[in-house]
Structure formats: C-alpha cells, structure tokens
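Enquirer: Please build the complex by placing chains D, U and R on the supplied structure of chain X, with the hints as guidance.
Number of protein chains: 4
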Amino acid sequence: MALKTANEYIESIKKMSPHVYCGGKWVKNLLNNKITRSMVMANAAIYALAEDPKNKEVMVATSHLTGEPINRNLNVARSIHDLDMRQEMALLTSQTVGTCNYRCVGCDAINGLASTTWEMDRDLGTKYNDTFNKWLKYAQDNDLAVSGAITDAKGDRKKRPSQQDEPDTYIHLVEKRSDGIVVRGTKVSQSGAIGSHETLVLPGGALREGEEAFALAFAVQNSAPGITYICQYNAYSAEREYCEEEAELGNPIYGQRETSTMVFDNVFIPWERVFLCGETKYCGRLVSRFAKTHRMNCGGACKVGFADLIIGATVLAAEYNGVDKVSHIQEKIIDMVRLSETSHACAIAAAMRGREEPKGSGVFLPDDLFGNAAKLNIANGFWEIIKYAGDIGGGLVVTAPRLKDLENPEVGPMLKKAFSSAAPADKRLKVAKFLQHWSAGLHGPGTWHGAGAPQTQRFMFSVLTDFEAKKKMAKKIMGMKEE
Amino acid sequence: MALKTANEYIESIKKMSPHVYCGGKWVKNLLNNKITRSMVMANAAIYALAEDPKNKEVMVATSHLTGEPINRNLNVARSIHDLDMRQEMALLTSQTVGTCNYRCVGCDAINGLASTTWEMDRDLGTKYNDTFNKWLKYAQDNDLAVSGAITDAKGDRKKRPSQQDEPDTYIHLVEKRSDGIVVRGTKVSQSGAIGSHETLVLPGGALREGEEAFALAFAVQNSAPGITYICQYNAYSAEREYCEEEAELGNPIYGQRETSTMVFDNVFIPWERVFLCGETKYCGRLVSRFAKTHRMNCGGACKVGFADLIIGATVLAAEYNGVDKVSHIQEKIIDMVRLSETSHACAIAAAMRGREEPKGSGVFLPDDLFGNAAKLNIANGFWEIIKYAGDIGGGLVVTAPRLKDLENPEVGPMLKKAFSSAAPADKRLKVAKFLQHWSAGLHGPGTWHGAGAPQTQRFMFSVLTDFEAKKKMAKKIMGMKEE
Amino acid sequence: MALKTANEYIESIKKMSPHVYCGGKWVKNLLNNKITRSMVMANAAIYALAEDPKNKEVMVATSHLTGEPINRNLNVARSIHDLDMRQEMALLTSQTVGTCNYRCVGCDAINGLASTTWEMDRDLGTKYNDTFNKWLKYAQDNDLAVSGAITDAKGDRKKRPSQQDEPDTYIHLVEKRSDGIVVRGTKVSQSGAIGSHETLVLPGGALREGEEAFALAFAVQNSAPGITYICQYNAYSAEREYCEEEAELGNPIYGQRETSTMVFDNVFIPWERVFLCGETKYCGRLVSRFAKTHRMNCGGACKVGFADLIIGATVLAAEYNGVDKVSHIQEKIIDMVRLSETSHACAIAAAMRGREEPKGSGVFLPDDLFGNAAKLNIANGFWEIIKYAGDIGGGLVVTAPRLKDLENPEVGPMLKKAFSSAAPADKRLKVAKFLQHWSAGLHGPGTWHGAGAPQTQRFMFSVLTDFEAKKKMAKKIMGMKEE
Amino acid sequence: MALKTANEYIESIKKMSPHVYCGGKWVKNLLNNKITRSMVMANAAIYALAEDPKNKEVMVATSHLTGEPINRNLNVARSIHDLDMRQEMALLTSQTVGTCNYRCVGCDAINGLASTTWEMDRDLGTKYNDTFNKWLKYAQDNDLAVSGAITDAKGDRKKRPSQQDEPDTYIHLVEKRSDGIVVRGTKVSQSGAIGSHETLVLPGGALREGEEAFALAFAVQNSAPGITYICQYNAYSAEREYCEEEAELGNPIYGQRETSTMVFDNVFIPWERVFLCGETKYCGRLVSRFAKTHRMNCGGACKVGFADLIIGATVLAAEYNGVDKVSHIQEKIIDMVRLSETSHACAIAAAMRGREEPKGSGVFLPDDLFGNAAKLNIANGFWEIIKYAGDIGGGLVVTAPRLKDLENPEVGPMLKKAFSSAAPADKRLKVAKFLQHWSAGLHGPGTWHGAGAPQTQRFMFSVLTDFEAKKKMAKKIMGMKEE
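Protein chains in written order, with the working numbering: chain X, 170 to 652; chain D, 170 to 652; chain U, 170 to 652; chain R, 170 to 652.
Extracted from the complex, chain X is given alone in its bound form:
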C-alpha cells in the first residue's frame, strides 16, 4: 500500500540520523528538540490529511507509473484536474498546519523533472527519464517525504556561479566517477529538508555554456554522508526552544516555517539518482517549469490558506474586543478576503489554463502568467493582510504578556481582570498571540521570498506577454496602418 500514516512517518523519522545543527547545538533526535520537532509534526499532519476519506480527491492521486493510489505530493500532473487538485491541496495543507507543507517543493520539483527529463531523452537520447521514473516509483511505493533544494547561496550577485571567489556558494560537480558523481556547495532556505526522507536538488537558475559543473539535478537521501543542515535561528526559534510548553506559542504544534542551510561537503550521488549532469541548456527550462508550478502552489494557493487562518482569527479578535459590528473593521476584513481570494482565483486560472508541456510528455504544467500573477498578488497582498490583522488585533498583538502569566498566582488574577472583555482574558490573549505570530513575525518577508522574490514574477510578465498582439489591436482601432 502506497500511503503512509502519520504515525508511520514519525516512526520512520526516528530511524534517521541527519547531521543537524540548530541554535548552537547538534540535534541528535529531531523529535526531542522543540524546534525541529515542530517541522516533523507539520509533515505528520500532511500525512494524516491523506488518511481522511473526505480529503481523498484533493490529497490522493493515481500513479501514472503503477496505477496505485499515491499521496498527491508525489504525483505527476497528467491533466487539468490534477493541476486544480494540486493547488487545492496547497490551500488545504496551509489551512491545516499554518506553516509549510514541507513536501510541496519536492512535489513541484518532481513535475519539473518529469517534464524535462522526458524532453532531454527525446532530444539527446539520454536515459534520465527512466532513471527518474525508477526513483519516483520507489518514492511513491514508500510514500516518502521529499523536499526540494533550489536556491544556492549565490555569493556576489554581480557574478556568475563560476566567477565567485568562493565556489561553494553554488552546488557544483567535484568529480564524475563510473558509479556516480561527487558534489559540494550550499543550498539555502531549505524548508523541511531535515525531516524529509529525500531531497531533490535542482540547479538554482538558467546556466550558460561553460557552466556545466553547476548543471546538476539529483536526489539525495537524508543523512547522506557529507551533508550538514544548519538550521535557521531567530527570535521565534528562541521562544519555542525556551518555552515552558508549546501551548504558549502562536502556532503551538506546527510552528513557523523551519528551514536550514544545507551544506554539501563532497557528497557522493550514485548515477541512479542523477537526473541531469552537464546539460546546461535544459537548466533554465527545468527551473522555469518548477517555478511556474511552485508559484501557483506555494506562491499562490498556500498563502490563501494562511490568509484564511488570519482572517478567521481576526474576526475572532474583533468579536472578543466587541468591535465586530463597526463598519471600518468590516471594511478591512472585506479587503483581507478580496486580497486573498484574488490570489486564489489566479491559482485556479493557472491550473485551468494549464497544458501538456512538452507535447507528448503527458506532463501538465500550469499557465505561467497566471501562476506568476498568483504569487505577485499575494506577495503584496499578504503584507496588507497582516497589516489589517495587526490593526484589528489591537495593541495586545505587540504588548501582551506571556500566555503562561495568566496562570501565575500573583499576576494571573490581575491579568484576567485587566484583559477581560466581550470574552475572557485567556481567549483574547490566545488570539492576540496567534495574530502576533503572523503579523509581528517572519511570515511577511517569508511569503515575499517564497517561490522567488516578486521581481522575478515581474520579469516573467515582461517575457510572457504578447505585446505585439496588443499593439496590433490598438493600431487596428486607431486606424493606423501596420508597416
């Protein structure tokens, strides 16, 4: 049976021993460290979703390799409907965990690879697609958690990868052997890699001739020798690490998005796991296929799910403060909905105008223009949404004491009196804490950069728009002759 339960996933994690460093400490057991544990618990919740029959259409797909039911996170989209369910999955997972579906990047990488390895084999006579399908069948059969690693550390942005003073700012080839390749370098902002069974590594962008050493796509197992994961660490990490109990926190169980810097120190990758090696011409294509898929999902629908949570809590805050009937409050909530649903519409349109790419491959990818619109709208919209959440949440979002202080025998009674309103103090403070997490935390810039910073989407608009057609239409109505 191809579907793991949440418990089976957690058990499988216990067996892994990745080399993880977090906030000054080496983490022996992901489940014993409060920070890394939150990542694992979020992934477990994604597994659990697929167990619930009411989510079947969204969470479960049919493998085109085996015909078996598989978790949609491992599915290659073969139809418009698949694309539509993919973006609805992004919505549902966000609504459920309020943080990353850590299998999301991997899923979109799978689709980029399915399309591009097929094309390389057709054009170049390589066997990448076979190799990839074998790996994918293995992943599907075992319902593995697969993360994706795209963003190199990049060094000085004025320079190409090969011009960097420090070559390890990009993943690159060290040695090509008969049994595989040796790679080194750095991928950053790796969401959930620590708790995934596998990571798909893709190039960070388009490459030119002469940059073959950076043209690499492969799968690597968690805990593979030579990999070190250095976790992000910030105020929210410290709060979680040192809290008395998780219930004090904004997102108690699933936490914020946990990423790591993933350092490859001469890691060996056998050929059965290599899906591109040196074909610079296909790197841009591979990344852009990944990107158009990821912008629809992570860029668009995922953040709509976050917005749903924020809107829900904001309405609660308004009710608890006794201001839910005030017209300007209602207008702001309407704006939150408008911004969020606009991005949802773009994600749906991206799915609906998706198409097979390349023709004959059987792989369906979403429409690029609408996918970029989904991401770009929510990147800006999300800042508006958290602004309004902070507004309606009130000063408490910033100046609240600890939730635990309510239980202190001396100050607890004072706080319960002070913060009682149309609801008891504990409810008010709990909602304020939740809104603090969104409105005064990492999600603003996180949403901005996830699936690529907005300037990339803007650039795509200039590439994807048929300006000649528009000029022609305008000339026709003006009665201006075409030259």
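No lab work stands behind these hints, which were simulated from the structure alone.
Misleading hints may appear alongside valid ones.
[Said to hold, decoys possible] Only pairs whose alpha carbons sit at most 27 Å apart, straight line, appear in this in silico DSSO-like list of lysine-lysine:
no., chain 1, residue 1, chain 2, residue 2
1, R, Lys197, X, Lys585
2, R, Lys650, X, Lys586
3, X, Lys225, D, Lys641
4, U, Lys650, R, Lys328
5, D, Lys203, U, Lys573
6, U, Lys223, R, Lys296
7, U, Lys641, R, Lys203
8, U, Lys586, D, Lys197
9, D, Lys501, R, Lys501
10, U, Lys327, X, Lys650
11, X, Lys641, D, Lys225
12, X, Lys641, D, Lys501
[Claimed, not checked] Not the full set, but computed from the structure, chain X residues with beta-carbon under 7 Å of chain D:
no., residue
13, Gln264
14, Val484
15, Ala514
16, Arg627
17, Thr634
18, Met642
19, Ala643
Note that the coordinates shown come from a computational prediction; the quantities given were computed from them, not determined experimentally.
Cβ atoms here follow ideal geometry from the backbone N, Cα and C, with glycine treated the same way.
Expert: Coordinates of chains D, U and R only, in the frame set by chain X:
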C-alpha cells in the same frame, strides 16, 4: 439561419425609428448622427465577429431551445465551458471595438431570467419560463440585438422606491390589463438601447413585500410607443459631433460608450413579453444572478480587453518617444499587465467554479465571489492602468493640438517638425489621441460604475465569505476549544 | 502704482495681437474665441485676487528692487515667509479659478533666474543679473503677466539635443548679433503663453559642453515677430467651442488648463532680454532651481486647491444623492482630504526648510526634497482623489445628458422628474458636470505631468538623500565597525 | 544643574525597586535582566544625547518656570521653534536608539497638562496649574525620566467605562481623602514606565457627565506602593533573555520597545500630584491636546528616524549582496525615502502651523490636521518600508542561522564560505539580523498602534476639515447659487 451579418444588422437599424434626443436635437436616423452612428457601428462589429470562422468557438453557441447555432450573446449557459467562452467573448469584443459590446447586458439578463423564471414556475406554478423561452427563441431565430435595462434613476437614496416624492424615478406598474401591463418610470445609463432591437427590463434591486408595483421584468421593442431615449452628452460627444472627420478622434469608428436615459411614459407591454410581475421575493434573486454574470463579463473580462488596447498603445508611445528600453517604463508596463491579467484570472476562476443554479434548471451561473473579485480588482486597477498610460504617453496626451492641424498648410509643417521623434509626428499624435481617449476621458469612472459600483462588490464579499469556517480553522491550530 | 486691476489686464490683452491658431482657426481676438477667452478670464481673476484686501498678505509682496508693493507672481523670495506665502498663493489661486494660475511658471522662472544670474555674475563676471533686474523692474512696474517656457519638444528621447534629426525640436541659437540673438525651435505645453505679456524662456534641462547653442535664457514679448502659438485642442475644447453658453460646462468661466505649442521661427531677442547665452554649466542649476520652486507650488500646493474644489463638490454630490451619512462614503472623503493635506504639508515643509541659494544672493529657494515629495505625493494622490470623486458622483458623472437639455420643453420635464433626488435635478446635474470635468477629463494626466513627470521627482530623491549618513546610523546601532 | 548625565540616570535607577514581573519572573534589578536592561540603556542614551554640545539646539530647552537649561523632554513648548525642535528631537532619538525615547509620552503629556490645567484654572478657579507647575519644576530640577500612561485596558469596547463588568479595566477613583486620592485599575502598553522616575497618568479619552470617577490626571512615582508592572513577553523577549550575548541581536543594546501592563491596586496619590479629578468636560480636551502633540512626534517624526535606520541598513544589504546598482532595487529605496520624508514633512508642517492654545496660556500645540497626517501616512508607509527592507534584505532576513554560529568551530567555517558575497559573511548576516528585527518583528503593528490606531486619525480628519468652505468654493466656480 440564426446568424445575422453586420450588414443585415445595419439594414435592420435603418427600419427602426426610436424617439432619440441627443445634445439638443432629435435624431431621425441613427446612422446620420455621428454620435449615435458610433454605437450602431460598434454593434455591427460585434455581429461581424461571429461571421469570422476563427472566432467560432467564442462567438457562436448552440441554442438549447432549437439546437441551432446562435450568437453567443443570445445563449443561455448550460456548462462550465459556456461560461468560460462567455467571458472570453467579453474579452474579444472589447479588444475589437474598444467600447461596449452593447449586447452584453442583454445576454447576462437573459441568463438571469432563464434561471429565475424556471425557479418561479417550479415554486409558484407560473408560466414565466415558457413565455420567456418563446421570446428568446424569437430573438435567437432573428439574431436580435438585445440590450438590458437595470438601473433605475433612484431619486433620493435614503428612501425606498415607494417612498420617493417622484415615483417616476423607478420603473413601476401603472395598470394591469387582460392583454398586458402599462408601465412608466426611468432607467438610466442604458448602454446601446437606442440601436438594439429589444431591451430587457429588470428590477433595479431586491424588493420587499408591498413593493409589488416595482417588481417587473419584461422585454420591450425598440421604438415602442411611449419610450424616449435621451442620450448622454459630454465633451467627447461634442468633439465627435463637430469633428471634420472621425479619423481625428481617439476611437474613430466605435467611439465611447453611448448610453441614454430611457423614459417610459405609460408604455404597454403585452403578456407575451412579461417575465415577472409582482413577485417581489424573486427580484433580489433575479438581479443577483444577473449581477454575478455581469461582473464576470462586463466587470471583469471586458475591461481586460480595454487594458490590452491601452497597453498596446502605451508600448507604441514608448517606442515612438524613444523610451521603450528605460527600466521604469518597463516596470510600469509590467504593472499594467499584472493588473489586467489578475482580473482576467478572476473571470476565468468565476467561470470555472460556476455551477447549475437552481439545481435542475440547466442554467449555469459563474461563481459569485470570483466574479465580484474580477470587477473589484479591475475597478481599482483600471485607474492605475490609465494613470500609467497617461504617464508614458507623456504631456502630449493632454496638450496635443488637433490631429487635423497636421494637414494645415501653415501650422502643419511646424507641427511635423516639432513632434517628430523616433517616429513621425502623425504617429506620435495619433497614439497620444488614442491614449487621451482612455486616460483623460470617461473610461475611468465608466469602468468604476459599470456592473455596479465597487462598494456593492465589497458588500458581496462580506455576504459570500464563510467566516465561521475560517474561525474554526484558526481555533483548531491555536488549540482553542469550540464552545 | 505697480498693481494692475483685472480690467486693466483685460484691456491690455485687447491691444496685443499674438499669432494664435486654435482647432483649425486663426484667432484674431483672444476674447472672442471661447477657448482662448477662458484663459484670459482665469488670468484676470488672478489679478482680481490681489485687489481684495483680505488676500493682501498672500497676493502682494514688496519689491526688493523698488520697495513698492507688487503682485507676488513677480516677487523674488527673500525669506522663509516669502516662500510660505508663495505656496499659499498657489493654493488660493487654484481654489479660486480651478485651473492654472497662468503666471505661476513665470514666477518660479523669475526666482530661478534671480538666483542663477547672480551666481553667474559672481563666478564669471557677466552682467546677467543687472540685465535681469532691469527687465524684472519693468515687469513689476507694469504688473505684467509673465508665463514661463521650459519644456522643449524633445524629439527622440534617446538622443541629446544636438543629435536630433530635427534641430527645431529644441530651442537653439541661430545667430549671435551685436544687438541681440536669433533663436528658433519649439516649446510645448506652454500654459497661458497666449494671454501673457511676456514669456520667460529657459533651457529644458542640464546641458553639457558642446551644447552651447541650446544654453539660452531670455524674455520674449507676446506677439514678437516669428512666434506662432498652436493651441491644444481636445474634446473639452470642442465642447467649449460649440456650447450654446458657458454655463453648460464643468468649469464655466475659467475652463481647463489651456496650453499651446510655441514655435520660434528665427525670433530676434535683444541683449537687454538675454539672461544666459552659452553658459552650459549653469543650465542644470537654473532649471533645478526653477524646478524645486515649481514643484512646491504647481506640483504641490496648486493641486491641493484643486482637491479642495473636488472634495467640496463631492460632498455636495453625496448630499444631493442622499448618501452623505453612509460610512464608506465618509471614509472615501476622508481619504481625499488625507491625500490632499499630505501634499499641502510637504509644500509647507518645503517652504519652511527653504534657504538662501547661493549664499549671499539674497534669493530664497524651497527645500528640494520636500518640494519633490509634494509633487510626487499629489501626482499619485490626485488620481485617487478623482477616482473617489467619480465614485461618489455616481454614474451620472459619465452618463448625464447636457445641462441645457433640462430647459428643452419636451425632454426637460422628463429629466427634471428622472433626476430629482434629495436636491432638484438641476443641482444634481450641475455637480455631476463639475465632477465630470475633474474625474473624466484632462486633469488626471495633466496633474501628473505638470512640474515634471513623477519619475523626475523620484530621481531627485536618489540624488538628494544622504544615504551615507543613514548607513552610518544603522551601523552604529548594529555595533558594526566603520571601515 | 538641571541636566543629568547618562551615568547619573543609571545610578538613579539602581536605587529604585519597582514591582516588575517579566516572562514568569520577578525582576529585582532592572539592570541585571537583559530585557529590562535594554529599556534602561535606551533611556540612558537619550540622556547622553543632551550631553553632546552638537545636539544642544535640539535636546536642550530653557525652562519657562526657572529660565534654566532643561532637557527638552521636560519642556513646555512656548513657540513654533519649540514645536519644531520637539519633532526634530523625536527624529534624532529614534535615529540614535532605534527604539522608543521612553521620555516621549511623558513630554507630550506635560504639554497637554500645561495647556489644560491653565484652562481649568481660568474657567473653574481651580489651582491645578500651580500644582502641576510645582511638580514640573521638581521634575525639571532633577531632570527626571517621566513616562506617560494613557491607554486603559478598555474591556468590552461596546461599553462605556462605567458599564464594564470588570471596573478595573479602567483607572478609576476609589476614595477621595483629605490628603489625596486612592485609585485602581489598569493601563496597558506602558512604554518604559518600569525605568522612569515618574509616570503621568491621563484619562484614556473623552468622558461624559456621570463618569467623574474616571476623570483623573496625576503623577505617580515609580515603585509607589500598589503598582505592579507586568512586562510584555514575546519571541523577541525570549531571544534576548536566552541569548549568549547581546551582540547576536538585531538591536543589541537598546532592543525592541519594552512596555508593560501597569496595574494600580488602590494606589494613594497625594493632592500635590493630582492635576485633574472629576472634571469630565476637560478630559477630551486634555487627551486631544496630548494626542495632537504625540502624533506629530511619536506618530510622525519618530518613525522617520526608524525609517532612516532601515533605509541605511537596506542600502548596506544591497551593497553586500552586490545588487545596489540594480534599477528596481534603487526604485524601492526611493520609495522608502519618499514614504519616510512625507511623514517628516507632515511633522514639520504640524509644528510650523502650531499655535498657542488656549490663547493666553503661552503653551504652543502643533496643528492637528498635519499631526494626524504625519501619523496616518507613516502608519501605512511603515508597512511598505519594512516590506521593501525584507525584499532587498533577501531570504536571509528570514532563514539566517544565529550570528553566533559563525564562531562555532564546526559550522562557522561552512557558514563563512556559504554566505560570503560582495562582503564577508559576518557583515551580511549582521545586516540581515538587523533587518529581521524591523521587517519580521514587532515594529509593523507597533508603529500602527503607537500614538493611536489610524482609524482615530481618520476620524480626526472628518472633524478637522472645513467642508463648508470647500463646498462654497466649488459652488462659486460652478456658478451655483448659495441657498
């Protein structure tokens, strides 16, 4: 054969004699007055579109009454695909004429009536749906141009229709006779009613018990006794009326959107043309079904077509001025595309999430939330788009002399020298004139109010959003117990 | 006595015979053509303002040349208070005429010249400042209307003035003679030059060595031989030209901003009127001093005056439609005020942080950063303001019939019924017409480009901001060592 | 001598023993707890500023009570210049500490009290002004740190203070005695009260007859019996509490804004410290005078200082990443400057249009409209500014490891390689950490609510605008008769 040619439409107009007043004159022949002629020519262009085989999927549908091919403007949507083609038609017609498809309101009124008359018959045992279908078959068989009249003059907005000092600010029943009804009152902002064969009149909004006299839906023929059309008249009307030739104008042939105040002075409507009479309970439903359809089309996709024209001309202006490679110019053009395609995405999503309403009726209506999002986004976005068009178009958009002045033997040569740039003066001035039409004319507030002012769409968001579901999601993640 | 009355100004205009072409006709008498007349009437109203004792502090200054009272439009600012009254004058004139104070550009050119000719004389030993002061004394003694001509036609923007295929796209020197210079070329968008006694011509921007032929500043008399004024002509021109009476129009007496393309065909300028000739190094300085002054006034305070009119009429429209107590209407009006007063604040700050420039010259110029902020904020804000005006004004702003139609014996009574509301139809339509003028006319792009398109102001921010100081502050707090 | 040094301030703090609870612990010594220490250090830096001769004009004023030099934080503004220097002080202190000048609220409360106690004495024959001046002289003579307490906990916002189920949600009178009053209740969001020598307590808003028990203004000493300070505690608190050294943090020394919930449990206030008791009519006035002052300073100029720091660090981030010459980066930085300087302009205009209030009192208060504009613009603008900071700062702003990790012998070398760019890794990470503090922390909602949530400022616009004058102007130009 159910499809009229553009010429056949023009010929049919020559046979009509509506009572039309425009800018201080009674218009005997719509084709001889430059203002009213532009409206007729725009409608003719819509007819012509359906003649072109490459537009067949978009412009031609299959009648569910006869199985014959019909112009999509007369089609009742029976599927998601119908809805999708409907919004694509709105896009195509706007790109083609740069003004109203004057059959658009009528088309959406047809869909609202198809759904609501079916429901009334089911609930009340009336025969409205039969009556309506007979009329619709006649319209389809003769490929009639049908306009729609929704907006009453409304008087003092603080008062209900029946409380107005002046009852003629709303269409209302005067007399119910055995052979039909007699109505009077005023509909305003009637796009293209003067050059349509028929006008569908709907209530302007939801009604309450006691307001039966205002609960009326019917079809009325152009030129019916008692109807006077008083045309809008503004600066752009004067410019057209007094120009030496239409080529001087911003939209030479099709002009701006031409509307009229339509005054009903005891007009007789036979029962065969009455589709609702006194059923106040169904008025809100009828209007909201019309509205959700119209917001997707007129509110959303139509303005995307306008934006395409503006973007095309703006790119031309940048090229002619020699600034098309300048980065801030390119950034602004990207924003124009983003704003426009966002609304397109919302219209597509509205179609794709459309559904049969009511169940069993066979009539498909778009999703209301996304339809409202389409309209609301473009209402604001359009002002941004024309701002950028005016920016990139340059000062000439405001301060250009007449296009005709280029031909004057004295000043023409001066102007040709003065305004030569990366393109000859005549091209620069022509594009400036086109952009003036959009950026310094009626389209800003016109787009705002078309398909209902944005506050209405905002209100719909508050009605259509499931806030309880969002509150529940948030509580679950917070670990807050449901009461 | 140095102050002309409005009547004296009008009489003086009757004696001039400029070579004016407007909409296909040569205008013999500015007062007999409805379009050119509106420009003269606006200027007359500005003269009249200075007659009213209650405006004395704002409208009347003391000549630093003679000690006599002069119209502030001819004043060289010698103090912070002068700068403050200058921007308050811009506000007052806009509130009064709802169009250009056509003496505004000239006033700011006077200040740029006063500062820069002084500097040239100090640096170069020239006598430009003396020459200028003599001319200025003459202008002050006769209270002349002085317009300013800055913007060249510019041709292909990718090329420098001397590289243009068509040299007449810029004003340039043809011949230097013992008694003066001969110039030719084109200035565009010349507000009110036709009805001014004098025009000050400045270079259009900074110049480089080798571009001496374009380095010219001089005063030229209206009607000087070789000058042709070709008026702008657009829909609003046609409406005015062909209206039965001006009362029908949006701004009945003063009209829209009237500009012309000003063609110089070998015009002779005697040395007594030449204030810069060949000193390329001082051109950028001269223009930027003009610009910083003009952005505070025309760019900033002037549009606040327009906004006051629009806000006033919008509140009337809300009252007449019976919606003035509705919360979203009130919120929008608040936004209109906020946008407008923000720019007013920037203009005040520009005056208050003004300073003598160059030291020793006695000439006070406003702060550049705040002047640019004034212009940039209102450029964007004005589009918001007219959007809201069009919103609250309602569909009537677009679809209203002629005001005159109310008087027609047949349709007038129908319209009076149809449009009666919380106020009679004539009031509602009058306000709608006024708002149409602002919201569906030329003022959106006009405000954008007046005093330079916003991209220029944005560029100035990058030049004027002390980024090193800010970096230093940040480093200090971070505890980062300075290199 | 009336000016304390930073060291003298710190010494004075050591002698106080307030009842402070912070994150689950009672704080015995403010300087030994990392969180409370940051507050004290920020205040010390404000004292230090006044020691530096180059800041004299901004930081030092002359007491109107004694003629002695005093810290401007204790000054009653007696002129436009005082107001201007007051807002410049807000700018300078923010640029210096990147957090609250914790004496700011107290300063604005002093001005509100100076004006209103004078007015009460004039109207009612009370002696509040004398009492207040005696207390103020004492504060000035000892250069005390004075905080201000305005915001009550408020309870259910639908209810008036006296209707609350829990009376302690507002500060209220318990007993009036011959020697003073006894009060109880809660003030929230009290910036820096824990480390101030005195706190001025004002009513939270306008009051009505019957609400006399809530009409209270008084000064209370730090550590007065019955007062408990319960500190805010959030992720940033935890990060500071548990960091190895402060250098790891975003704002190492001065921290984030530290506030507390201040609980009054039957606190005795002698009459020499009571400045209003029961005079409900004067409460609205007192609060609005405080508010107009505070909006210019805390609302406006203070956040401009924050923006300067953010802009400085953002430029550094761009340089370190090698993208400082990229045009879209430069455009965004320009926007950051525009947003910030706009608010600065509003603060300057508020000062410059300030006036004596009430006439005869000698107290100068800023212009209310412009003060509200300052706050409202930056409230929205700040979110834009931190959005751009997060954008240009890059993904690192969210996903960076600890700064300390650079020093770890195992992962440090990896990180130094991975994050080397146009600058070494430690600089990049330091700037990323600083931007995280601003862009992914509490300052977004903090700025929004500081000096009152923006809806309050919007409301003030509707109250302060003379709509009748604007209607009149518009009518005059339209030629519409006044009724």
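Enquirer: Each hint: holds or not?
Expert: Status of the hints after comparison with the structure:
no. : hint                   : in the structure
1   : Lys197(R) to Lys585(X) : holds (24 Å)
2   : Lys650(R) to Lys586(X) : violated (59 Å)
3   : Lys225(X) to Lys641(D) : holds (21 Å)
4   : Lys650(U) to Lys328(R) : violated (54 Å)
5   : Lys203(D) to Lys573(U) : holds (20 Å)
6   : Lys223(U) to Lys296(R) : violated (41 Å)
7   : Lys641(U) to Lys203(R) : holds (26 Å)
8   : Lys586(U) to Lys197(D) : holds (25 Å)
9   : Lys501(D) to Lys501(R) : holds (13 Å)
10  : Lys327(U) to Lys650(X) : holds (25 Å)
11  : Lys641(X) to Lys225(D) : holds (21 Å)
12  : Lys641(X) to Lys501(D) : holds (20 Å)
13  : Gln264                 : holds (5 Å)
14  : Val484                 : holds (5 Å)
15  : Ala514                 : holds (4 Å)
16  : Arg627                 : holds (5 Å)
17  : Thr634                 : holds (5 Å)
18  : Met642                 : holds (5 Å)
19  : Ala643                 : holds (4 Å)
Against the hints set out earlier in the document, violations occur for numbers 2, 4, 6.
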